[in-house]
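Mapping of the sequence shown onto my numbering: position 197 corresponds to residue 197, and the numbering continues sequentially without gaps.
In case anyone wonders, no lab produced these hints; they're calculated from the structure.
Virtual Cβ for every residue (Gly too), placed ideally from N, Cα, C.
Mixed in with the good hints there might be a few duds.
[Unchecked claim] Here are the simulated EDC-like cross-link-like pairs (lysine to aspartate or glutamate), alpha carbons at most 20 Å apart as the crow flies:
(1) K176 <-> D198
(2) K176 <-> E60
(3) K176 <-> E206
(4) K176 <-> E236
(5) K176 <-> D192
[What the hints assert, rightly or not] Ranges between beta-carbon positions, derived for each pair:
(6) H239 <-> T97: 30 to 40 Å
(7) G177 <-> G376: 50 to 60 Å
(8) P378 <-> R432: 27 to 37 Å
(9) E206 <-> P378: 50 to 60 Å
(10) G177 <-> V395: 23 to 33 Å
(11) D415 <-> R204: 14 to 24 Å
(12) Q148 <-> T97: 15 to 25 Å
(13) G371 <-> E238: 53 to 63 Å
(14) E60 <-> H239: 56 to 66 Å
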Amino acid sequence: MKHICVVFFAALLLLSACRPQTIGPTHHSGTLQGGLLVGALTYDGPTDRYLANLEDDDVEVRAPRSNRNGNLRLALTPIETPASADHGSCITWNGPTTSLNQPGVVLRARITPNATKAILISQNVWMHARNILNVHLVDSTLKQPLEQIGGFNMTSALGALFTPEPLPWRICAQVKGRELAIKAWSTASTFDAPDWQDTRYVRRLELPPDAPTSGLPGIYVGHLSPGEEAQLSDLETEHLAHTDGNLRWEQSRQWAASLLDLTMASAPTSAPTAAQIDQFSHVVMDGGAKGAAQWASLISSSRQRAAQDVYRQFLDAEPPQREAISVGQSESVAASVFAPLRLPHEQWVALLYQRALHREPAPTELAWWTGQLRRGYPRELAVRHVFRSSESQRVQVHQAMQEVAARSPTSQETDYFSALFVQLGYDPPRLRARMHVEINAV
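Work out the full structure, taking the sequences as your base and the hints as a guide.
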């Protein structure tokens with residue numbers, strides 16, 4: 001059984017299993033070793049904090065008596081849950097009802113060391129009208145972090161103001177594209193979870209265009225008074241399979257990983273982290289005019305211009321063209337960023353093939369390119385040539401085999417003759433002649 005103690009200060013985040021460690025006064029979030037990523041949506045004073053205990057899927061959140069205020073708001077997401085575009089989150093609220101403690105869930109939460117953004121679905125606490133659920137877009141970097149975009153009276157599910165349904169209450173939300181669905185019910189009155197089509201328990205909202213398009217699902221806790229506890233149980237997140245949004249997310253993540261692999265290359269062993277790939281993927285998902293600037297701001301200054309240019313090309317392309325454009329972008333960035341790496345020719349060629357074609361060069365390819373570079377062939381042109389040549393090599397091999405042997409080449413023959421084509425200087429007549437000799441010899 002896991003037991004995690006999270007210590008989150010308003011101006012600094014303290015993390016550990018009950019022994020806090022300061023990670024800096026400007027950090028809004030951090031990773032907890034046993035289970036949660038924590039992000040502050042709003043702060044309240046320089047020292048206010050919450051303590052959160054996670055035991056299996058049950059969460060107990062407490063405000064120390066040393067707190068002075070009651071407006072700290074936190075998003076908490078399970079660390080093992082991957083980011084996505086379309087997903088859901090559920091939590092059961094067990095009380096108390098006598099204060100302003102506020103439970104809820106977050107969707108598409110983006111928690112970084114300097115900011116937290118999310119779609120927030122929370123229980124209303126104004127005038128204790130808890131049978132209302134509010135929807136906000138949250139951006140902790142803004143002067144007014146919370147923007148309300150919806151509110152729903154859930155009397156048919158949770159009872160009226162003075163005659164509420166008994167606790168526990170379960171709150172769920174799902175997001176698919178721009179459609180947000182919210183579901184709530186009393187588990188004491190309704191044992192089985194209602195269907196998502198049951199309008200007594202479910203409300204729907206179309207999100208505005210500027211809402212986050214991807215992120216993490218999780219839960220929300222806010223407005224705990226000094227010494228107060230909120231008891232939450234049965235935390236559950238869900239990945240919505242086979243949606244257009246999640247397909248686009250996977251494509252964006254693959255593209256971001258591929259480009260990052262090149263734009264961040266400063267040594268043969270350098271590689272982007274999963275968190276960096278997610279961060280760039282969110283930018284790709286959001287798109288818009290700010291995308292290129294956001295992308296460039298996440299890369300060191302020496303590479304910003306190249307990254308900004310290729311990202312603009314990507315945004316300007318129609319979706320069906322983006323796959324082809326991404327190859328050209330990677331090529332462009334590689335020429336300006338990857339080419340100057342100070343490595344011996346053999347190592348540089350091997351690394352180029354790993355990054356550009358995701359394979360090792362064949363001995364003939366390695367020997368040919370090493371010889372070309374030693375004779376002064378520019379590395380920038382070599383980068384562009386390798387990026388463009390892989391598919392054309394296979395096409396030329398296929399055409400040559402049809403002419404020479406009236407059949408298609410095997411996969412082994414394709415690999416062999418593609419590498420040989422490089423050695424022959426990309427000369428189709430020489431390839432056909434060599435192929436004729438070797439096939440007849442067999």
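Quick rundown of the hints versus the structure:
At most 20 Å may separate the alpha-carbon atoms for a hinted pair to count; K176 and D198 meet this at roughly 18 Å. Between K176 and E60, the direct Cα distance comes to roughly 29 Å. Violation of the 20 Å bound is thereby established for this hinted pair. Under the criterion of a C-alpha separation no larger than 20 Å, the hint pairing K176 with E206 is consistent with the structure, at around 10 Å. A hinted pair counts as satisfied when its Cα atoms are at most 20 Å apart, and K176 with E236 qualifies at roughly 17 Å.
For a cut-off of 20 Å, the pair hint linking K176 to D192 is broken: about 23 Å separates their Cα positions. For H239 and T97, the Cβ-Cβ distance of about 32 Å falls inside the hinted range of 30 to 40 Å, so the restraint holds. Checked against the given bound of 50 to 60 Å, the beta carbons of G177 and G376, roughly 53 Å apart, stay inside it. A beta carbon spacing of about 29 Å between P378 and R432 agrees with the range 27 to 37 Å that was offered as a hint.
The supplied range of 50 to 60 Å is met by E206 and P378, whose beta-carbon atoms lie about 53 Å from each other. Range check, G177 to V395: about 38 Å between beta-carbon atoms, so the 23 to 33 Å window is missed. For D415 paired with R204, a C-beta distance near 53 Å fails the hint of 14 to 24 Å. Taking 15 to 25 Å as the suggested C-beta distance range, the pair Q148 and T97 conforms, at roughly 23 Å.
Distance hint check for G371 and E238: the Cβ-Cβ separation is about 56 Å, which falls inside the suggested range of 53 to 63 Å. Taking 56 to 66 Å as the suggested C-beta distance range, the pair E60 and H239 does not conform, at roughly 26 Å.
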